[in-house]
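**Q** The hints should help you fit chain B onto chain A, whose structure is shown.
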Amino acid sequence: MPSTLLSPNVQEKMGNVERSAEVEEAAKSTGSSFVRRKKRLPLSERVIPKILLACALVSIFTTMGIVVTLLVETVAFFQRVPLSAFLFDTKWTPLFQPQHFGIWPLLAGTFMVTIIAGAVALPIGLATAIFLSEYASDRVRRVIKPILEVLAGIPTVVYGYFALTFVTPLIRAVLPETGIFNALSASLVVGIMILPMVASLSEDAMVSVPRAMREGAYALGATRLEVALKVVVPAALSGIIASFVLALSRAIGETMIVTIAAGATPKLTLNPLESIQTMTAYIVQVSLGDTPHGTIEYYSIYVVGMTLFVVTLLMNLLARWIARRFREAY
Amino acid sequence: MDAEKRLVVRKWANRVAAGVFFLATMLGIAVLVVLIGAILRDGLPWLSWEFLTNFPSRIPEKAGIKSALFGSLWLMALTAPIAFVLGVATAIYLEEYAKPGRLTRIIQTNIHNLAGVPSIVFGILGLTLFVRGIGLGRSVLAGALTMALLVLPIIVVAAQEAIRAVPNSLRHASYALGATRWQTIRRVVLPAALPSILTGTILAMSRAIGETAPLIMIGALTFIAFVPTSPLDAFTVLPIQIFNWVSRPQEAFHHLAAAGIIVLLIVLLSMNLTAVLLRNTFQKRY
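Residue numbers (my numbering), protein chains in the order written: chain A, 1 to 330; chain B, 1001 to 1286.
Isolated chain A, as found in the complex (with noise of 0.2 angstroms):
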């Protein structure tokens, strides 16, 4: 009997059990839609998702290329020079002889930068937060939020300049001793960069704790001080400490303005006024040179990314992390 002497009605009481390989095939031939259109979408329906799933796949090739590009070269720096001079030895020097290769020097650059930084940048932008959740009216929020978007949309060449032409010689009238490219004037402008991120990400962690809690203790007598600081702050903490921890991860990746303003210097000190190099400046110095492929020179900027990468995607997953896992739920 075939199929499309049916009406849908019978059909559909047949079932899937009575619809055989031989009402399949006849429907076919037939081009009866009846069946065909309840198995088969249109071709845009099947091939559109496929190609969409592709393009959103392309960021996890992104990753897996950082990933791997990294480790192959890491692998390779490693096949010539061995892992515990890179890691006991206190001198970096592969761009001249005799070559040294600790990491020392490049991890106290970049960590006295970004611990400068944040002492700038983590107190003052907390302070911004506060102000504008917990006392700035409406207006005033709506005039300066804007204005600290344009402070982070500044290019960090841009601070770089700043750093260079400006800070360091306001530095260098109090501060004689102070060399031209030091490791204060780069940090500082690095503070300033990170403001606008602490400021907005705190911000909305605070606007976000309900009102209630904020007028509960008001109706207890508390002045405004003592909401924002005793409920406000510790209720929205993960989120503050969330964005503490991006800010410092976003301090430790700046490039330009310390290559800039820091100068070429690795060394271990702990004198922010003179000259240092962090790892992102190494990075830039290598790939301002005309290093041949295949050297070790060449291979050390991978190890150095290869660092750089780690501790910052460790710090990125902490924050969200601290996000997460501390959220107040209200």
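Note that these hints are calculated values from the structure, not bench results.
Take these hints with a grain of salt, some might be off.
Unchecked claim - Distance condition first, Cα-Cα at most 25 angstroms in a straight line; then the derived DSS-like pairs of lysine-lysine:
| no. | chain 1 | residue 1 | chain 2 | residue 2 |
| --- | --- | --- | --- | --- |
| 1 | A | Lys230 | B | Lys1011 |
| 2 | A | Lys50 | B | Lys1099 |
| 3 | A | Lys230 | A | Lys91 |
| 4 | B | Lys1005 | A | Lys230 |
Claimed, not checked - Chain B regions said to be covered by chain A (calculated; three or more residues, Cβ under 8 angstroms):
| no. | region |
| --- | --- |
| 5 | 1074-1083 |
| 6 | 1249-1261 |
Yeah, the Cβ is synthetic: ideal placement off N, Cα and C, and Gly gets one too.
**A** Then chain B, alone, in the frame of chain A:
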């Protein structure tokens, strides 16, 4: 201390703190004003029509930013479509097609982590993959591909938010009329989300136009005295030309850098303005 005295102290503490918080906020704004002031002071006298239309030169008085300006233009013209298509496609997939599950979660987490990867690491990727790996050389195209991957997370997140903001009632209405899923996305969801997506894309592009480090990595820092004519030509961009001038010891080149910065900031500001206007004009309420 009796209660009344304590109240006075608490009120004063509040007032002092309000002042401190206000000053902290003003500090950021003050720095912005000083920064822009210093740059205008250094660069404005050097800004001229010749500065825009001359190629870089060893003689500061004759130096200009023509090649950098065109390089930035080329880079944007190639980066924007690549990043836009990839970013919007990813967002549509994640918001409209993906079922909650392992793969979706991995993609989502991965995009967030990519957003936090230092830009210079993208430079290393670009150098290895595009410049050397598939042999594009130190070309505009290699730079654009690198830049597209760098800004991709920004566009994806912006587009996801835009798509999520389209109310479900619109989708249901479309399905009720017999539209398929893709027809609904293409004719209902995307048009409604487009202004927000474009705003996000413009902001991502303004990030790309100011990026320096990844392009230095892929080798865009050579003396370029011509305008690129094809995607495979060598190039330089505004931030790199600025960096080039800043790194020279002579004072005159610093002034050129400042003049270049003014041009760069004007470009950025007009892009941001466009984004804001776009957002305000097309903001729909459902």
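**Q** Going back to the hint list, which numbers does this structure go against?
**A** Structure breaks hints 3, 5.
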